[in-house]
Structure formats: structure tokens, C-alpha cells
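Undergrad: Below are the chains, spelled out letter by letter.
2 protein chains.
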Amino acid sequence: MSNITIIGLGLIGTSIGLALKKAKQPNLKITGHDREPTSSRTAQKMNAIDSLEWNIGKSVREADMVIIATPVLAIKEVMEYIAPQLPEECVVTDTGSTKTRILQWAKEILPGHVSFVGGHPLAGKEESGPTAADAGLFEGADYCVIPAPNAAPWATQAVVSIVDLIGAKPFFIEAGEHDSFAAAVSHLPMAISAALVASTTKSPSWHEMAKMATTGYRDISRLASGDPEMNRDICVTNASELAPWVDRLITELLELRRCLHESDEKGVAQFFAHVYEEREKWMAGVTQAPTGAAAVALPGAAEQMSSLLLGDVLARKSREMMSRYETEESGKKKKRWLR
Amino acid sequence: MSNITIIGLGLIGTSIGLALKKAKQPNLKITGHDREPTSSRTAQKMNAIDSLEWNIGKSVREADMVIIATPVLAIKEVMEYIAPQLPEECVVTDTGSTKTRILQWAKEILPGHVSFVGGHPLAGKEESGPTAADAGLFEGADYCVIPAPNAAPWATQAVVSIVDLIGAKPFFIEAGEHDSFAAAVSHLPMAISAALVASTTKSPSWHEMAKMATTGYRDISRLASGDPEMNRDICVTNASELAPWVDRLITELLELRRCLHESDEKGVAQFFAHVYEEREKWMAGVTQAPTGAAAVALPGAAEQMSSLLLGDVLARKSREMMSRYETEESGKKKKRWLR
Numbered sequence: 025m026s027n028i029t030i031i032g033l034g035l036i037g038t039s040i041g042l043a044l045k046k047a048k049q050p051n052l053k054i055t056g057h058d059r060e061p062t063s064s065r066t067a068q069k070m071n072a073i074d075s076l077e078w079n080i081g082k083s084v085r086e087a088d089m090v091i092i093a094t095p096v097l098a099i100k101e102v103m104e105y106i107a108p109q110l111p112e113e114c115v116v117t118d119t120g121s122t123k124t125r126i127l128q129w130a131k132e133i134l135p136g137h138v139s140f141v142g143g144h145p146l147a148g149k150e151e152s153g154p155t156a157a158d159a160g161l162f163e164g165a166d167y168c169v170i171p172a173p174n175a176a177p178w179a180t181q182a183v184v185s186i187v188d189l190i191g192a193k194p195f196f197i198e199a200g201e202h203d204s205f206a207a208a209v210s211h212l213p214m215a216i217s218a219a220l221v222a223s224t225t226k227s228p229s230w231h232e233m234a235k236m237a238t239t240g241y242r243d244i245s246r247l248a249s250g251d252p253e254m255n256r257d258i259c260v261t262n263a264s265e266l267a268p269w270v271d272r273l274i275t276e277l278l279e280l281r282r283c284l285h286e287s288d289e290k291g292v293a294q295f296f297a298h299v300y301e302e303r304e305k306w307m308a309g310v311t312q313a314p315t316g317a318a319a320v321a322l323p324g325a326a327e328q329m330s331s332l333l334l335g336d337v338l339a340r341k342s343r344e345m346m347s348r349y350e351t352e353e354s355g356k357k358k359k360r361w362l363r
Numbered sequence: 025m026s027n028i029t030i031i032g033l034g035l036i037g038t039s040i041g042l043a044l045k046k047a048k049q050p051n052l053k054i055t056g057h058d059r060e061p062t063s064s065r066t067a068q069k070m071n072a073i074d075s076l077e078w079n080i081g082k083s084v085r086e087a088d089m090v091i092i093a094t095p096v097l098a099i100k101e102v103m104e105y106i107a108p109q110l111p112e113e114c115v116v117t118d119t120g121s122t123k124t125r126i127l128q129w130a131k132e133i134l135p136g137h138v139s140f141v142g143g144h145p146l147a148g149k150e151e152s153g154p155t156a157a158d159a160g161l162f163e164g165a166d167y168c169v170i171p172a173p174n175a176a177p178w179a180t181q182a183v184v185s186i187v188d189l190i191g192a193k194p195f196f197i198e199a200g201e202h203d204s205f206a207a208a209v210s211h212l213p214m215a216i217s218a219a220l221v222a223s224t225t226k227s228p229s230w231h232e233m234a235k236m237a238t239t240g241y242r243d244i245s246r247l248a249s250g251d252p253e254m255n256r257d258i259c260v261t262n263a264s265e266l267a268p269w270v271d272r273l274i275t276e277l278l279e280l281r282r283c284l285h286e287s288d289e290k291g292v293a294q295f296f297a298h299v300y301e302e303r304e305k306w307m308a309g310v311t312q313a314p315t316g317a318a319a320v321a322l323p324g325a326a327e328q329m330s331s332l333l334l335g336d337v338l339a340r341k342s343r344e345m346m347s348r349y350e351t352e353e354s355g356k357k358k359k360r361w362l363r
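Chains as they are written, first to last, in the working numbering: chain A, 25 to 363; chain B, 25 to 363.
Only chain A is shown next, with the shape it has when bound in the complex (with noise of 0.2 Å):
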């Protein structure tokens, strides 16, 4: 008998109850609890937990892993009040957007004779709460798993157990890896999507242009959707990470800007064609280690095959694009449209 105690039943806690469930594994008792009497609730109509314990201390008292599934700053609270309570040996585990902060509060408020090991699901969508919970949500999404340096190894074992149960591959990275890399790619598109949506809604005019937002600004604005309080957590915990990556935005936002401002047509082109490029390349799954001295991992010879026949048609549309300013700047002014 196994017993997994789930504490936040928002979309990720849900998902992860529904999940498990669906994979029928015998002997597996799923207590759940979480602070608002509505979401536990509708957890527990949803059959995503066995039982409902009202109670966050009595929740864990049994528990062979706790699965911590609230927002980052809340994880924190929530080790504090079940610290006491853990039985010997209980794994400890949780779902949190930023790592580094997290094993340190595991390190100062855990006792030592429970096993730390972070998890982070690389799945979500923007509606949150227990009723956009999905069982499939986490089919075959990469799960950073974040082991503490004490972490005894059967207990990284159990947590990869659970990862590989919901459908998810475990994927091992550094901490401080994660953070960098998920600031980057996760809360740097959360923090322009939120930064569109505050530029233009604080307009006067923002009602009369509403009507002439389409799919390209509902899909860039789609983060700003996200559960605010999750996304202030993410924020908080990992701003000395993040901070580097909006310098890096503007830098990038101060050059268009100043290519709007002197007409530099050729800039503009520039940046595009670049973007497009890498964009392209992304998508396809051919991005590449750079090549030179910082290169370390070589693809295999099918890979950069095919890399290369993409990198011919992404290039070849660029090119085309940036050789017309060439022409013209050797003198040639040639008309672009027409032949």
C-alpha cells in the first residue's frame, strides 16, 4: 500500500490525482487537501483523490510521498506546517516553476529524515483551477526532476516512478540550469504577454481597438491569462534569474526602436529574417550546439542532414529578402516587386 497525499488541488494537483487514477495502479491511496473548501471539493467529485482531508497536518501523517502542488510562495508555508508532521522515510516532492529557492527551503525546513526531490512539469495551460484538470495533461511532457543533495536514491526513484505513472519523461537537470533556462523560454514569454496586455488595455482608446484584436494578439496575450498569483510567485523566486532576460528584451525592443525612429529599412529586415530563421529552425527541432569552441554536443549525421536541407530553405527565403539591399547599395537599384 502506497500512500501519496497531494496538497493543492488547483489544475497541476488535479491533473496529477486524474492521472494517477487513470493508470490504475493497485494499492495506491491518493489523500488530497487544499485550503479552499470549492477546489477540494471539486477534486473530489472529479475522482481525483481517494479521500479529502480537511486537515493539511493530518493530510501527510501516513504519507509515503507528498506532492506539493501550490503556488511557489505557498510551498514554502506549507513545508513550514507540515515539517512536524512527516512520518521516517516520506519522499517530499513538489510541482513549483522555479527550483533553486525551493530546495533551499527544503533544506532549512524539512527534517532529516525525509528525502527532498524537486519536480516541475513541463505542461500547463492557461485556465487554472481543479475543473481545468485534465488526466492527459502531462502525456509525454518533459519532468524536471531536481533531486536535494541528501536525497536518499530510492527516493528520486520514487518520484521518477510517479513521473513515468502520469505519462511524463523525467528529465534531470541542474537547479540553477532549470531556473536560468526556465526563465528564458517560461517566465520571460509570461512577462512580455503580461506587458502587452498592460500596455495596451491601460489606452483610452483601448475599447474602440478591442474590436480589431484578432488571433495574433489573443495568442500573444495568452499567458497574461495565467493564475496571477502563480505567476507572481514565479517572479519573486526567480528575479535575480529573470531580471538578465528582460535587460535583454528591451535591448532587443531599443534597437527596433531606433530603427523605427531612423527609417533603417535594412534593420528591420535584419531582425526579421533572423527571427524567422531561428524560429523556423526551433519548430523543426533542429536547433543546433553553435559551432566553434562552445560547441559540445555534435548532432548525428541524420540530424544535421536534415538540419541542413531546412537551414537551405529558411536561408535561401532571408537571403533572397537581405540580397535586394545589397544590390542596392552596390548601386544597382533594382525594382523589388518586379522583374
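Check before you lean on any hint, since a few could be wrong.
Where chains are identical, the list cannot tell them apart; a pair therefore holds if satisfied intra-copy or between any two copies.
Stated by the list, open to error - Quick list of in silico lysine-lysine cross-link-like pairs, DSBU-like style, CA-CA up to 30 Å:
1) Lys53 - Lys305
2) Lys149 - Lys226
3) Lys235 - Lys149
4) Lys69 - Lys82
Source of the hints: derived by calculation from the structure; they are not laboratory data. The structure displayed is predicted, hence computed values, not measured ones.
Take the given structure of chain A and dock chain B to it, following the hints.
TA: What follows is chain B alone, placed relative to chain A:
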């Protein structure tokens, strides 16, 4: 018999052809022209046009209406080339994303005996070229219609008929207003989507962090995959409207940056609570005129009611989050997570 000539057989031009064909209007003959032989032949194979004309001048000589569906800067060159060939009382329209500059070109370049009626379908996708074309692309979409001051009323009506035929809804708007609004809700999202890709892919660790980029990065970076020539032309021809919006965005990012550096948890919370509310209101279609002196159009009673109800739900979520700060400030610091 009506002769329509589509110049530029990319995503939009080919989709217009397909949509017109689908409408099965009798006596409509569609001639197509594109500088690219591949695009031309693809559009022809897809039956988006009745005939292909390799010579751009010849392609308009018998036309009742010419639809210019090229990137914005190319529209000027197309106008210069077709101007001497346009028959009496021909209607010329376009599909460009910026309008002030295009109307100015029409005034300078097109002969007085033709009517120019600017157009801009608020529909698209990130894929470009005729292979991405779709007869249903404009179904239900707004289609901005901006007649030149000297356009004949029947010419405007002719363009409106075409808009109707392809399933879109005509949306009359003044050119300057169009460009200002489009800058905020369409060109700014495009610029920041591109800036995200620029800032992340330039990192020496990009090939490693790319593994951790999932749906959030994919969606926010989507517009960076738009045709780079189209994007360049939009920025170049709408620079004066886009630049102030880039400034507003940078202002928001600088404020977030300040919050991160100063560990201003309350500031971060306010930032995300505000955008969460605003985006949800926009998605629900209840964006309202501001109250006070600036308010002009008042919503109907039913609309007001639904807005009030939704507003309640949204406001509750952010009030709950923000109230914790007020409680803390009043000296009664309490646990955030646990009751």
C-alpha cells in the same frame, strides 16, 4: 461579366481567389499574377484563379477590379507598373496591413479615372504562400474598408460586395485610426514576438534551453514565423504609429524590472492581477468604454449586466490576492496559504 485581377498570389491573394470560387458567382472571371512562377503555378493548380497572366501590365487591362495582395512596400511598385494600363472606371483595392501610406501612394500614382478603396482583412496565419491558402480564411472575420476621399460610392459598394462574397464583414474605419489601432493590437504583438525570439536565440545556451521551451514559448513566439518581408513592410510603413507603442511596452518592462530588482512583491502582484482581469474581460468580449468624461458609447443594459457579473468574478480573484498585502500592511501579518 466581371473581371477581377489578383496581383500577389500568396496566402491572402490565393485565399481570396479560393473564397470567390467557392461563392460560385456566375460571370466572374479571375485573372492572377505573381512575380514568382512557383506561387503562380500553385495558385493555378489549386483553382484559385481562372487564368494566369505572366505580364503584370496585361493582367489588368480588362479588369473591372484589381486586388493587390502583395507585401505593403511592393504595393507601391505594383501601382506604378499598372497605373498606365488601368481601364476607365476600374476599382483598385489592396489587402495591406497599414493604410495611411497606401492611400497616399494611390493618390500620387493611380490615374484619376480609377477609384481606390483600401482594404485589410483581419485574418491570417503564420504560414505564408499559396499552399497555406484556405477558402474559409475570411469566414466571419472583420474586413476593414477605407475608401480614398475621391472614390466613387459604387466603387466602395463593389469592394463591400467582394468582402461579403468571401464571407467577411465590412468594417469602415478612418485610415489614421486603423493604423494606430493596428499598431497596438497587431504590429506590437508581432514586434514583441520577434523580440522574444531574438533575445533567446542569441544566447550561447539556446541549444540547451530550447529543450525546455514548450507551449508558452511556442505561442508567444508564433508571430516571429510570419513572412519576414510582410513584417518588415508593416514596420517600415507604420513606423510612426508603432514606435510609441514600443515605448509603452518598454515602460511596462522597465517597471517590472524595477519590481524584480527591488523585490517589490506587491508591485509584481499588481502587475499580474491587472493584466489577468483585463485579458479575461477582452476574451469574454466585455471590454468597455472608460467611465468618466472620455466615455462615449454606453453599452446596452444586457451587455452592462454581463460585464458586471464577469467583472465580479474576475475582481474577486485579484482582490483576494491583493487583500493579503493590505492585511500585512495593517500589521496583522497572517499566513497566506493556511487558515
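Undergrad: Each hint should be assessed against the structure and marked as holding or not.
TA: Hint check:
no.	hint	result
1	Lys53 - Lys305	neither (45 Å within a copy, 40 Å between copies)
2	Lys149 - Lys226	both (26 Å within a copy, 27 Å between copies)
3	Lys235 - Lys149	both (25 Å within a copy, 18 Å between copies)
4	Lys69 - Lys82	within (21 Å within a copy, 70 Å between copies)
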